[in-house]
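Peer 1: Spelled out from the first residue to the last, the chains are:
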Amino acid sequence: MFDISMQALAAQLLVGLINGCFYAMLSMGLAIIFGLLNIINFAHGAQFMVAAFLAWIGFAQLPLLLGPEFKVNFWAALVLAPLLVGGLGILLEKTLLKRLYHLDHLYGLLLTFGVALVLEGAFRHFYGISGVSYDPPALLQGGVDLGFMFLPVYRGFVVVASLLICVVTWYLFEKTRLGALLRAGTENPKLLQAFGVNIPLMITLTYGFGVALAGIAGVMAAPLMQINPLMGSNLLNIVFAVVVIGGLGSILGAIATGLALGLLEGLTKVFYPEASTVVVFVIMALVLLLRPAGMFGKEK
Amino acid sequence: MKSIPTPVRILLALLVPALLVPAFPEIVYPVFMMKVLCYALFALAFNLLIGFTGLVSFGHAAFFGWAGYTTGALMIRFSAHGLPVELAILAGIATATAIGWLIGTLAIRRTGIYFSMITLALSQIAYFLAVQIGWTGGEDGMQGIPRGRLLGLIDLSNDNHMYYFTLAVFALGFLAIHRIVHSPFGQVLKALRDNAPRAVSLGYNTDRCKLYAFMLSAALAGLAGSLKALVLQLSALNDVMLTTSTEVLLMTLLGGLGTSWGPVVGAALVVSLQNYLAELGGVVTIIIGLTFIVCVSFFRRGMVGEWQAMLQRRHSKQHNAPIQDRATTTAETPGR
Chain V
1 MFDISMQALA
11 AQLLVGLING
21 CFYAMLSMGL
31 AIIFGLLNII
41 NFAHGAQFMV
51 AAFLAWIGFA
61 QLPLLLGPEF
71 KVNFWAALVL
81 APLLVGGLGI
91 LLEKTLLKRL
101 YHLDHLYGLL
111 LTFGVALVLE
121 GAFRHFYGIS
131 GVSYDPPALL
141 QGGVDLGFMF
151 LPVYRGFVVV
161 ASLLICVVTW
171 YLFEKTRLGA
181 LLRAGTENPK
191 LLQAFGVNIP
201 LMITLTYGFG
211 VALAGIAGVM
221 AAPLMQINPL
231 MGSNLLNIVF
241 AVVVIGGLGS
251 ILGAIATGLA
261 LGLLEGLTKV
271 FYPEASTVVV
281 FVIMALVLLL
291 RPAGMFGKEK
Chain F
301 MKSIPTPVRI
311 LLALLVPALL
321 VPAFPEIVYP
331 VFMMKVLCYA
341 LFALAFNLLI
351 GFTGLVSFGH
361 AAFFGWAGYT
371 TGALMIRFSA
381 HGLPVELAIL
391 AGIATATAIG
401 WLIGTLAIRR
411 TGIYFSMITL
421 ALSQIAYFLA
431 VQIGWTGGED
441 GMQGIPRGRL
451 LGLIDLSNDN
461 HMYYFTLAVF
471 ALGFLAIHRI
481 VHSPFGQVLK
491 ALRDNAPRAV
501 SLGYNTDRCK
511 LYAFMLSAAL
521 AGLAGSLKAL
531 VLQLSALNDV
541 MLTTSTEVLL
551 MTLLGGLGTS
561 WGPVVGAALV
571 VSLQNYLAEL
581 GGVVTIIIGL
591 TFIVCVSFFR
601 RGMVGEWQAM
611 LQRRHSKQHN
621 APIQDRATTT
631 AETPGR
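Residue numbers (the numbering used here), protein chains in the order written: chain V, 1 to 300; chain F, 301 to 636.
Think of the hints as simulated: they come from the structure by calculation, not from any bench. Careful: at least some of the hints might be erroneous.
[To be verified] Selected chain V positions facing chain F (in silico; Cβ < 10 Å):
{"id": "1", "residue": "117"}
{"id": "2", "residue": "118"}
{"id": "3", "residue": "135"}
{"id": "4", "residue": "247"}
Idealized CB from N, CA, C, for every residue including glycine.
Can you build the whole structure from these sequences, using the hints too?
Peer 2: Structural data, given as structure tokens:
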């Protein structure tokens, strides 16, 4: 056990932390959407993937198509892609999803699953499955030597930025008036509507926000991962396990579980690499055996 | 004379043309028909869970694929040493049931969407195992699985013999599922689907019922998987992947959740669609996705379900009885 160098351990922990940040952001989005819409957004991974592709398209393809002044750099993409993906999410909610709220949750799940397949199929058709790569912005290239490890600046940025996003979202939902309204909507939408709150609008915007969160994560992931049509659904499988462990009841729970599982996965990569692909699922199974309602569990 | 229930009557009526299939290979290719029958059985097994128990599993590929692997591996190793094919199929079913017990025990601890997510996550483990364990052939899968001899007499490597065997297994599987659904146990499952708290208050052990339903569904899915491995003589990674779980979900949804013939119709449609569109790649995924969206948005009862609803509407116009089913009524979601 002691033949593992500090360097390797730190590097894997960093990778784990970054994965954990993505798990946290995605499961937070799922939790937010589930709270108000009562559906699980199976398209979450595909929306994440679309945002990553949009960032790449804006950077690599638009300039070729429309001329160099249309080049969308990373920072612009970080704003535009989530807005676009969130907008598409709102469109989806307005046209298809909202017709299903009065039905069994099964139908919302199947619909978003269909949407995920359409998005994945479309990108597979146009860009193949091998994927494309995207360079981090000039400002964040290079790295810092921390003494015990070498930290690429971009990775540091991703950790800080996503933790910031998590904290801001948590603050928004738990400490502001808007958040209070949203939580009230989760608790009892009919009563809230009787107080004059526009619930349908709130639901639409919540879905848009949740999807936009996936979009931000997608753009941030673009320089880290190979951008390919399946990047989202591969990640989402793990995020589902995270959600089962942490529950969809609380935002803080989603963040904490996501980060913890990412780190744990990183550790597994150091000590027992063969199990690193399944460790999250195994933990999920254990949690189900020991605490069926999940770590922060209160079941709806 | 006791009257024969409609689904069984349809089965009997369809058996006549089905028996004639090998006589006209230029119209329907027997291997294609066998593939349809295998997937139809798979979808029927899946429907037992989603349609009659209301549990949405995203992990049925694990049962289908692993049963195929088991049967395939046994036949490749031991068929030359006299292992009967029936035993290999039974071993496949046993494997699927065992996996069903494992996944089921964990998954029924939660309900609703959590149940779906757990089955999805656990079937992911089944997939990773298939990649890593040597004898499944990993990325390459298994090829050239021998079909063996039925009862030591009938040579199944003949496509026509295999076809009749497949047809017989399908018919028996269909009858078994029909029997289960209409048994007292099946009624309890439907009660669970429609109103779980009430079933609990009536004293039913819902967890045990759900687990039994899950294992039954897994066993029958395993039977379909074993049969498919023999029919196509190959077992591939694709069979344990999410795509297969998706396909069976699509077949059932398209045909009609909770109808007795819907899954069969859906399987026939999807398998023939794949045959024609196989070379299109990403477009197939788009079409499958769009089918999901259209089904869910516009005809939730599926093809057979809509047909039945139409007949029922016509009937109720004469008798003034309202129709109600899952696709139109409000879901009972606690806390809403």
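Peer 1: Hint validation: residue 135 of chain V versus chain F, beta carbon distance must be below 10 Å. Holds or violated?
Peer 2: violated, 26 Å
Peer 1: Measuring from the C-beta of residue 118 of chain V to each C-beta in chain F, is the shortest one below 10 Å?
Peer 2: Because about 4 Å separates residue 118 of chain V from the closest Cβ in chain F, which is inside the 10 Å limit, the hint holds.
Peer 1: Is the hint on residue 247 of chain V kept, meaning its closest Cβ partner in chain F is under 10 Å away?
Peer 2: holds, 9 Å
Peer 1: Was the hint right that residue 117 of chain V lines chain F, CB cutoff 10 Å?
Peer 2: holds, 3 Å
Violated hint: 3 only; the structure is consistent with all others.
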